[in-house]
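A.B. asks: Chain order of the listed sequences is A and B.
For reference, each letter of the first sequence is one residue, going 1 to 65 in our numbering.
For reference, each letter of the second sequence is one residue, going 66 to 234 in our numbering.
Worth flagging that the hints you see were computed from the coordinates, not collected in a lab.
It is possible that some hints are incorrect.
To be verified - Taking beta-carbon pairs under 7 Å as the criterion, some of the chain B residues facing chain A (in silico):
#, residue
1, 171
2, 172
3, 193
Note that the Cβ used here is the ideal one computed from N, Cα and C, for glycine as well.
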Amino acid sequence: MKNHLRELRAAREWSQADLAEKLHVSRQTINALETEKYDPSLPLAFKIARLLGLPIEEIFFPEED
Amino acid sequence: MRQVRFTVPSMHIPWVSVTLIVLLLLIGLISVIQKNAYPDSFNMPLGAALRLNAWALVAIAVSVAARWCLKQPDWAPGLRVALALAPLLPGVLYARAILHWVRGLDELQRRIQSEACIFAASGMGLVFMGFDLLQSAGLPPLHWGWEGAYALIYIFWMLGSLISNRRYR
Chain A
1 MKNHLRELRA
11 AREWSQADLA
21 EKLHVSRQTI
31 NALETEKYDP
41 SLPLAFKIAR
51 LLGLPIEEIF
61 FPEED
Chain B
66 MRQVRFTVPS
76 MHIPWVSVTL
86 IVLLLLIGLI
96 SVIQKNAYPD
106 SFNMPLGAAL
116 RLNAWALVAI
126 AVSVAARWCL
136 KQPDWAPGLR
146 VALALAPLLP
156 GVLYARAILH
166 WVRGLDELQR
176 RIQSEACIFA
186 ASGMGLVFMG
196 FDLLQSAGLP
206 PLHWGWEGAY
216 ALIYIFWMLG
226 SLISNRRYR
């Protein structure tokens, strides 16, 4: 799965550590999400969407789109 | 007057276990260096690390003491059974500390730990399988003791954690 997490985080001028703290996850998790090495669980994806104020499909999308 | 003699039973030193425990300490040192080099790669708070190591050390100490006591031949069978099983209590507390730590991790760290556990269980199984096969070829049996088995699991778990962490870095 692909995502726009890095761009969306940068637009808010948050560091990876800032985002990790807001989501109560490790910075390694944020890095793994941004580099698309790890797909989040549905609860974490909803948490990210809620924090960024966007629908999930505007953050995460399948590779063929 | 009857003379009371107190004899100290000789200690059997399980060299395989001792070697593995020395290796374990070395790997522990490496993990501390690794933790300092990559603070996010190995998410174990100091409190959890201390609790885990403390229960492991208590289990080893109780086991050594119990083995020494069990060399006294005239103790009641019930007491001998209780002494033999005494290291299980700190062992259970050690397992509880691991579960408590894992439940506090985030989802990626839990996945990394799951992969590390699978690596450790598979590695442990393969090592024992290998030694068992070698014994059928004439190699003398190795006395691992439970300390040796745990040390080996710990070594494989550390390796599994490092490999899995690297994948998600």
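A.B. asks: Could you check if residue 172 of chain B really has its C-beta closer than 7 Å to a C-beta on chain A?
C.D. replies: holds, 5 Å
A.B. asks: Just to be careful: measuring from the Cβ of residue 171 of chain B to every Cβ in chain A, is the smallest value less than 7 Å?
C.D. replies: holds, 4 Å
A.B. asks: Given residue 193 of chain B as an interface hint, is the shortest Cβ-Cβ distance to chain A below 7 Å?
C.D. replies: violated, 33 Å
Violated hint: 3 only; the structure is consistent with all others.
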